[in-house]
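Protein chains: 2
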Amino acid sequence: MKVIAIHGAGGPETLVLEEREKPEAPYRHLLIKVHATAVNRADIMQRMGFYPAPAGCVKDVPGLEFVGQIQSLGPGCHLDHRVGDRVMGLMPGGTYQEYLTIDESLVLPIPEQYDFIKAAAIPEAYITAFDALVLQGGMRPGHRVLVSAAASSVGVAAAQLIKAWHGTGIGTTRNAQKLTQLADLYDKAIVCKSTEINGRTLPGFAPGVRSYLETLSGTANGALDLVLELAGGDYIEESLDLMTDRGIIVLVGLLAGRTTQLSINKILSKRISLIGTTLRARSLAEKAGVVRAFEKQVLPLFARGLLDPVVDKVFRLDQAGEAHAYLESNANIGKVVLEV
Amino acid sequence: MKVIAIHGAGGPETLVLEEREKPEAPYRHLLIKVHATAVNRADIMQRMGFYPAPAGCVKDVPGLEFVGQIQSLGPGCHLDHRVGDRVMGLMPGGTYQEYLTIDESLVLPIPEQYDFIKAAAIPEAYITAFDALVLQGGMRPGHRVLVSAAASSVGVAAAQLIKAWHGTGIGTTRNAQKLTQLADLYDKAIVCKSTEINGRTLPGFAPGVRSYLETLSGTANGALDLVLELAGGDYIEESLDLMTDRGIIVLVGLLAGRTTQLSINKILSKRISLIGTTLRARSLAEKAGVVRAFEKQVLPLFARGLLDPVVDKVFRLDQAGEAHAYLESNANIGKVVLEV
Chain A
1 MKVIAIHGAG GPETLVLEER EKPEAPYRHL LIKVHATAVN RADIMQRMGF
51 YPAPAGCVKD VPGLEFVGQI QSLGPGCHLD HRVGDRVMGL MPGGTYQEYL
101 TIDESLVLPI PEQYDFIKAA AIPEAYITAF DALVLQGGMR PGHRVLVSAA
151 ASSVGVAAAQ LIKAWHGTGI GTTRNAQKLT QLADLYDKAI VCKSTEINGR
201 TLPGFAPGVR SYLETLSGTA NGALDLVLEL AGGDYIEESL DLMTDRGIIV
251 LVGLLAGRTT QLSINKILSK RISLIGTTLR ARSLAEKAGV VRAFEKQVLP
301 LFARGLLDPV VDKVFRLDQA GEAHAYLESN ANIGKVVLEV
Chain B
1 MKVIAIHGAG GPETLVLEER EKPEAPYRHL LIKVHATAVN RADIMQRMGF
51 YPAPAGCVKD VPGLEFVGQI QSLGPGCHLD HRVGDRVMGL MPGGTYQEYL
101 TIDESLVLPI PEQYDFIKAA AIPEAYITAF DALVLQGGMR PGHRVLVSAA
151 ASSVGVAAAQ LIKAWHGTGI GTTRNAQKLT QLADLYDKAI VCKSTEINGR
201 TLPGFAPGVR SYLETLSGTA NGALDLVLEL AGGDYIEESL DLMTDRGIIV
251 LVGLLAGRTT QLSINKILSK RISLIGTTLR ARSLAEKAGV VRAFEKQVLP
301 LFARGLLDPV VDKVFRLDQA GEAHAYLESN ANIGKVVLEV
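Protein chains in written order, with this note's numbering: chain A, 1 to 340; chain B, 1 to 340.
Because the hints were derived from the structure by calculation, they are not lab data. None of the values given here were measured: they were computed from a predicted structure. Take these hints with a grain of salt, some might be off.
Note: identical chains are not told apart, hence a pair may lie in one copy or across any two.
[Claimed, not checked] Calculated lysine-lysine pairs in the DSS-like style (CA-CA distance at most 27 Å, straight line): (1) K270 / K59; (2) K59 / K266; (3) K59 / K296; (4) K2 / K118; (5) K188 / K163; (6) K188 / K270; (7) K59 / K2.
With the rest of the complex left out, here is chain A (with noise of 0.2 Å):
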C-alpha cells in the first residue's frame, strides 16, 4: 500500500510516497480502506521534529484523522460494524496511507448526504470543537464564546456548533483578507491588530470584542462565558479582562506562543478556569467516550443542515508536501484535505 513517510525532519520535501505491506486487523480491530485523510498543524508540527506521536503509534507517517471504508474485521468485533460500511475517525497519526487498522470503538459512521471528500472535514475539526466547547468548556445555549484563529479548520466547526448551541460566536483572526468570509460563519468577525500595552505587545482584539460586546448588553466587562483559544501564547491574557465571572478558558492550541505572562490575579478574582487540553494521547476508553457523545449529540446536526464542513482545498496523497506547504501558507479558511 501507498503510504507518505517523514524522511528526517524539517521541509514539506521531507514528506515522501513509499510502499509499504498493507496490515492486518488485530483483536476488536478494524482494516480501513482509507479514502481521503486531511493536514492538521499537528502534522506540519510532527514533520518538522517538535511533536513525535506517542508511544504505540507508526512513528514515520503523519495523519490524525481518515474517511474510508471497512475492509475487514478483526477478530473478536462486536460491535454493529460490517465491511463496507463508509466510517470516519481520529488517530493518534499514521493515517497518511492507504490502508490503517483502529479500534472498532473508535470509528463514526459518515453522514449519509456527504461524499468522502466532505466528510473528510469533519472528524479532526468537528470532535475537536466538540470536545472542547461542549465537553470541556460546558458551552450551553446563550453562552457567548470568543474564538481564537477563528479561520482554521477547528474554528470553523465551533462557528458552526456555537450557531447550533443557540450562543453568540466571536471569532478573532490575524488575516484581514478572511475577514468576510469569517463574518458569514461567526456572529461578529474581528482582525487582530497588535497593540502595545504597558510596554507589552499584544494581539490586540479586546477593543473590537469590547464594542461588540457593548452593542449586545450595554456592558462589555466581564461579559465572556467561554474561550476557544486556539491560538494561545499572550491571547489568553488580553481575554481575561473581557470574561465574565467564572468564565472558562480551553486552550487547545499554542501558534502564538508557548508560554505566556498572566495576570493570575484577574484568574482568581474572576475565578476564572484555564483548562489545557489535547485529544492525541488520550486513554482508548476515554477517547471512545468522547467519540460517543460526538455520534449522540452532533452528527444528527449535520442531517439537520445546521453543521457543514468546509473543505478548502483538496490535494492527492503524492502531493502530501504541496498540501503541507498550502496550509503553512494559513491561506485556508476550512480543511485541506487529500484524497487518497
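Starting from the known structure of chain A, arrange chain B on it as the hints suggest.
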C-alpha cells in the same frame, strides 16, 4: 457597641477602636453577639487599601469570620435557629465588632466540644480549604496533594482535610523554623530554597517534592493530582512538571506574585486545569450552598476528632493592630484569634 474601624490606609495603627450603634436584624437575618473573630491576610490587604470590601458590605470594618451567639431573629426567619444558639460563619467584611447581622442561611452550628476561641479557628480556614480542595479541586481518597504556604491557617486546615480524605499531603513553607510542626501535620513537609532555572528564580520546592514522590511510587514526574496554591506567583510554574495528566491547580492566594510567566504548553499537553477561586465575592445562593455542603461533609469530622482547629495566639479586640502585626511577621502556625 465596640468596633475596630480602619482610619485611612496603612500600618496596624490605622485600626482604631470606636463606639457605634448596635444593628438590628433585617428580614431573614440574625443578630449575632460576636464572641471572637480572627485575622486573615485579606484583612491586612484591606487595611492597606488594596482589597476593598465588595458592594453591599460595611467598608471600613475588617474581618471575614466570626463565632458567637444568636441574640435575636429578624422578621421572616424560617430556618431552625433559636436565640442563644452558638453559631459561626463567614462574612464579606465587618466582623471586627461586637454585634453583626447575617443572612440566616449562612450560619453553621459550632461543634459542641469547642469553646468560642477554638471554634474561631474554623470558619475561614476550613471552609476555604474544603471549598478549594473538594468543591473546586475534586479531591478524592488517594489523591496526592501539594499545598504551598502550608503553615498558614488554610494550610493547616488543608493538611487535616487531606488526611481525613485518605490522601497524601505535601506541604511547603519558606520558613525553616516551621518544618518540625509542619511535619506533624503533613505526610511530608518541605522548606523552599530559591533556585535559578533557565535564568529565572523559582521558589525551589520541586526537588524536595520529587524525591518524596519517588519514595512513594518509584516515579516522580507527573505524580501530583492536586495543588492547593496558596502562594501563587511562580509557584504555579514550578508545580507543572510535578503534576499528573488532568491534574488540577486551585489558585487561592497571591502572596508570591500577582502575575507569572507560565508554560502553557505544559498546561495543554498534560491537560491541566488552573482554577482561580475566592469565597468573598460570591452570591448569597452560592455561599449558602458551600455552607450546607460544609455542614454535611466536614462538621461531623470535628466531633470525631479527625479535624482539630489550631489556634496560634489570642488577642483582645482592642489589640487588633498588634494581632495584624503578628500575622504580618509570619510567625504563626494556625490561627490568630481576636477575642471580643
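Evaluation of the provided hints:
1. K270 / K59: Between copies only: 21 Å across chains, 43 Å inside a chain, cut-off 27 Å.
2. K59 / K266: The answer is between: 22 Å across copies meets 27 Å, while 41 Å in one copy does not.
3. K59 / K296: For K59 and K296, the Cα distance exceeds 27 Å both inside one copy (32 Å) and across copies (52 Å).
4. K2 / K118: Within one copy, since 22 Å is at most 27 Å while 75 Å is not.
5. K188 / K163: Result: close within a single copy only, 12 Å intra versus 50 Å inter.
6. K188 / K270: So K188 and K270 pass the 27 Å test inside one copy only (25 Å; across, 32 Å).
7. K59 / K2: within (16 Å within a copy, 73 Å between copies)
Hint check: a violation occurs at hint 3 only; the rest are consistent with the structure.
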